[in-house]
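So the sequence lines, in the order shown, correspond to chains A and B.
Mapping of the first sequence onto this note's numbering: position 179 corresponds to residue 179, and the numbering continues sequentially without gaps.
Position in the second sequence (first residue = 1) + 1000 = this note's numbering.
One or more hints might be untrue.
Claimed, not checked - Just so you have them, the derived chain B footprint on chain A, three or more residues with Cβ under 8 Å:
{"#": "1", "segment": "82-92"}
{"#": "2", "segment": "131-142"}
As the list claims (entries may be wrong) - These stretches of chain A come out as covered by chain B in the derived footprint (C-beta under 8 Å, 3 or more residues):
{"#": "3", "segment": "48-59"}
{"#": "4", "segment": "96-109"}
{"#": "5", "segment": "113-123"}
{"#": "6", "segment": "153-162"}
What the hints assert, rightly or not - Listed below are the simulated DSBU-like cross-link pairs for lysine-lysine, each with C-alpha atoms no more than 35 Å apart in a straight line:
{"#": "7", "chain 1": "B", "residue 1": "Lys1265", "chain 2": "A", "residue 2": "Lys179"}
{"#": "8", "chain 1": "A", "residue 1": "Lys81", "chain 2": "B", "residue 2": "Lys1265"}
{"#": "9", "chain 1": "A", "residue 1": "Lys66", "chain 2": "B", "residue 2": "Lys1251"}
{"#": "10", "chain 1": "A", "residue 1": "Lys66", "chain 2": "A", "residue 2": "Lys2"}
{"#": "11", "chain 1": "A", "residue 1": "Lys194", "chain 2": "B", "residue 2": "Lys1265"}
{"#": "12", "chain 1": "A", "residue 1": "Lys190", "chain 2": "B", "residue 2": "Lys1265"}
{"#": "13", "chain 1": "A", "residue 1": "Lys161", "chain 2": "B", "residue 2": "Lys1265"}
{"#": "14", "chain 1": "B", "residue 1": "Lys1043", "chain 2": "B", "residue 2": "Lys1265"}
{"#": "15", "chain 1": "B", "residue 1": "Lys1251", "chain 2": "A", "residue 2": "Lys134"}
{"#": "16", "chain 1": "B", "residue 1": "Lys1043", "chain 2": "A", "residue 2": "Lys134"}
{"#": "17", "chain 1": "A", "residue 1": "Lys134", "chain 2": "B", "residue 2": "Lys1265"}
{"#": "18", "chain 1": "A", "residue 1": "Lys134", "chain 2": "A", "residue 2": "Lys161"}
{"#": "19", "chain 1": "A", "residue 1": "Lys224", "chain 2": "A", "residue 2": "Lys161"}
{"#": "20", "chain 1": "B", "residue 1": "Lys1043", "chain 2": "A", "residue 2": "Lys161"}
{"#": "21", "chain 1": "A", "residue 1": "Lys2", "chain 2": "A", "residue 2": "Lys179"}
{"#": "22", "chain 1": "A", "residue 1": "Lys194", "chain 2": "B", "residue 2": "Lys1251"}
{"#": "23", "chain 1": "A", "residue 1": "Lys190", "chain 2": "B", "residue 2": "Lys1251"}
{"#": "24", "chain 1": "A", "residue 1": "Lys194", "chain 2": "A", "residue 2": "Lys12"}
{"#": "25", "chain 1": "B", "residue 1": "Lys1251", "chain 2": "A", "residue 2": "Lys2"}
These are computed hints drawn from the structure, not numbers from a lab.
Using N, Cα and C, we set each Cβ at its ideal position, and we do this for glycine too.
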Amino acid sequence: MKAISCQELSWKYSGRKRFAVENVNLDIEENTFVSIVGPNEHGKTTLVSCIKGLIPANYHGIWYGKVEIFGEDNRNITGQKMASEVGYVFADPESQFTSMTVEEELVFGLENIGLPFQVVHDRLEWVSEITLIKELWDKSPYEISGGQKQRVAIASVLAMKPRIMILDEPTSMLDPIGKDSIFDIMTNVKNETKMTIIVVEHNIEQIAPLSDQILLMYEGQIAKMAPPEEFFNNSDFLVDHGILPPQATAFVDRLKQDGFYDGVLPVDYEGGVKATRQVLQRHTA
Amino acid sequence: MMAAQIAENTHQWRYRLDTSLRVSQRMRRTLLGTVPVHSPLYKLHPLTRFVTLLFLGVLPMFIDWPEINIMILVAIFIYLSWSRVDLSGLKIYLPLTITVAIFMFAISIGFPGYKPDYVGFPFMGLQLFFQPLFFTLASYWRLIAMLFGTIQYFSTNRERDTLVAIRTLHVPFVISYFFSLSLRAAGMFMEDMRIIREAERARGLDETALTLADRAKLYAMYLIPLFTLAIRRTDEITNALVARGYTLSGKLENGNQRSDYILSKYPFRLLDRALILGMLCTFVLVVILRVGFGYWSMDTDPLRIYLLAMLLGGGQ
Chain A
1 MKAISCQELS WKYSGRKRFA VENVNLDIEE NTFVSIVGPN EHGKTTLVSC IKGLIPANYH
61 GIWYGKVEIF GEDNRNITGQ KMASEVGYVF ADPESQFTSM TVEEELVFGL ENIGLPFQVV
121 HDRLEWVSEI TLIKELWDKS PYEISGGQKQ RVAIASVLAM KPRIMILDEP TSMLDPIGKD
181 SIFDIMTNVK NETKMTIIVV EHNIEQIAPL SDQILLMYEG QIAKMAPPEE FFNNSDFLVD
241 HGILPPQATA FVDRLKQDGF YDGVLPVDYE GGVKATRQVL QRHTA
Chain B
1001 MMAAQIAENT HQWRYRLDTS LRVSQRMRRT LLGTVPVHSP LYKLHPLTRF VTLLFLGVLP
1061 MFIDWPEINI MILVAIFIYL SWSRVDLSGL KIYLPLTITV AIFMFAISIG FPGYKPDYVG
1121 FPFMGLQLFF QPLFFTLASY WRLIAMLFGT IQYFSTNRER DTLVAIRTLH VPFVISYFFS
1181 LSLRAAGMFM EDMRIIREAE RARGLDETAL TLADRAKLYA MYLIPLFTLA IRRTDEITNA
1241 LVARGYTLSG KLENGNQRSD YILSKYPFRL LDRALILGML CTFVLVVILR VGFGYWSMDT
1301 DPLRIYLLAM LLGGGQ
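Bound-form chain A, shown alone:
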């Protein structure tokens, strides 16, 4: 089943000359992990805001086309239903905090959709376990570290168990350890839930192995959308569009161009080692 369907979607912010998103046609199947990559100011956040319905609800501008969430036009979906269907994690975790303790922050969305106390309690335990934040319940979300803040932000959305979860550059404000923790949480979520996950991310090295599909946004349009193994098979095209492939992919691609390798391009370090071993074995044989 299609989780998301964008048809001829275009959006221009009021006062801007060009469309931030233009003629986007996109289908995302249920229970897939889609990464959206691309240079800054090329429409990634605008696209996910359109999917979530923040655009056009909270912004002025010109809208064409249609976005469907599980077959329903997202402009006809009420706020509370949208909140329980589509979760959204913002790039700056502080910008989404609305409460004075982590525990309140985690239950805020659950209270808004009117879940019974026992369900709220169970969700609170579950999400705290999966994101390792139970020890932070009593703290203010403003007093914890950057990585912890982002984990709380993700947990507060995850707790609502939306069918679609959008994460807009969730690691952009974190140090390397903080980034690793978020990627591991995304791995856990992918493995343990059946959510459709959309992540806007610049860190291609780490997001590619998680992705079922990678989508490249360029000048407000979808320049390329493919599974990771196919996505990186034209390095020149990607570099021209502001994307650097993972180092393992670039290395094996170079071997491929030089005629040493003819298999599928790897997207992570382990795949790179495996491909290189194959090349060495063939060469020594």
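Since chain A is already given, all that's left is putting chain B on it; use the hints.
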């Protein structure tokens, strides 16, 4: 392989979290200080603690007798001590109490006014008058009792406690949430202000070299980035609220009220009911006796009567 790496990373974070939290969990940060996590104070419901603000913070307004207000002050310190608040932390308010005393008594001595019944007496070459001085003394202790009645509340409670108290009173959700967001906005405003100032200092601004007028202009100029940031933050918070299904009315689509899980975590015991009832009854009684029957007015204060008698006796 990846699963093993995740497990290893998870173990490392847990260790870091445990280490940092063992240190920080001993004390709970309040609006004006810290309180031990296991303070007996937390056996009381937040609403009970909120009523102490009304009781100890407002009650002195209806009592002129300084000796009673000093007793209220002592009661406040006993309450804080029972709550295991570090009383030495209260010394930061000492300059304030001294400054207020200096201002009040300086005005009372320098500008006492005049009434025919004023009883004057010389003191270190100055001509002092008893009535305005005693009025200042009474007002001062009333003010200090009210001040510490308020400080005790904010030293022992967090924003969350206040919100729970307000929600327990069934104040409409929009009002309690507005209050919560205001607290949040105040903190962010101060943080933004600090960042702007640090950015200016980093670019060579030396505030100590500025005249008072230039400083005033500088602070006025801060308003521009602060307002811009405030507008941006408003935008962000709106998106965050909408994204998690917030409605202004606090009602669900089916017309039911949103659930209030946090409130369910604070049991409202018989002790709380008794304490609140006791404080409210005492408060009402004091107000009626003071306003209706003139109890604890200045003229009836035994201390004042005694001192005046001493002064008049000594004069004779």
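How the hints compare with the structure:
1. 82-92: The restraint on the segment 82-92 of chain A holds, since 7 of its residues have a Cβ under 8 Å from chain B and three suffice.
2. 131-142: holds (count 7)
3. 48-59: With 4 residues in contact (Cβ-Cβ under 8 Å with chain B), the coverage given for the segment 48-59 of chain A holds.
4. 96-109: With 11 residues closer than 8 Å to chain B, the segment 96-109 of chain A meets the three-residue bar; holds.
5. 113-123: Holds: 7 residues of the segment 113-123 of chain A have a Cβ under 8 Å from chain B.
6. 153-162: Answer holds; 3 residues pass the 8 Å Cβ test.
7. B/Lys1265 <-> A/Lys179: 33 Å, holds
8. A/Lys81 <-> B/Lys1265: Answer holds: A/Lys81 to B/Lys1265 is near 27 Å, not above 35 Å.
9. A/Lys66 <-> B/Lys1251: 29 Å, holds
10. A/Lys66 <-> A/Lys2: Between A/Lys66 and A/Lys2 the Cα gap is close to 14 Å, so the pair holds against 35 Å.
11. A/Lys194 <-> B/Lys1265: With Cα atoms ~31 Å apart, A/Lys194 and B/Lys1265 stay inside 35 Å; holds.
12. A/Lys190 <-> B/Lys1265: Since the Cα atoms of A/Lys190 and B/Lys1265 sit roughly 32 Å apart, the hinted pair holds (cutoff 35 Å).
13. A/Lys161 <-> B/Lys1265: 23 Å, holds
14. B/Lys1043 <-> B/Lys1265: 12 Å, holds
15. B/Lys1251 <-> A/Lys134: Holds. B/Lys1251 to A/Lys134 sits at ~29 Å (cutoff 35 Å).
16. B/Lys1043 <-> A/Lys134: 22 Å, holds
17. A/Lys134 <-> B/Lys1265: It holds: about 16 Å lies between the C-alpha atoms, which stays within 35 Å.
18. A/Lys134 <-> A/Lys161: Holds - the C-alpha atoms of A/Lys161 and A/Lys134 are around 18 Å apart, at most 35 Å.
19. A/Lys224 <-> A/Lys161: 30 Å, holds
20. B/Lys1043 <-> A/Lys161: 34 Å, holds
21. A/Lys2 <-> A/Lys179: 30 Å, holds
22. A/Lys194 <-> B/Lys1251: Distance ~29 Å between A/Lys194 and B/Lys1251 Cα, so the pair holds.
23. A/Lys190 <-> B/Lys1251: The given pair, whose Cα atoms are some 32 Å apart, holds under the 35 Å limit.
24. A/Lys194 <-> A/Lys12: 33 Å, holds
25. B/Lys1251 <-> A/Lys2: The hint holds at about 31 Å.
Of the numbered hints stated above, none is contradicted by the structure.
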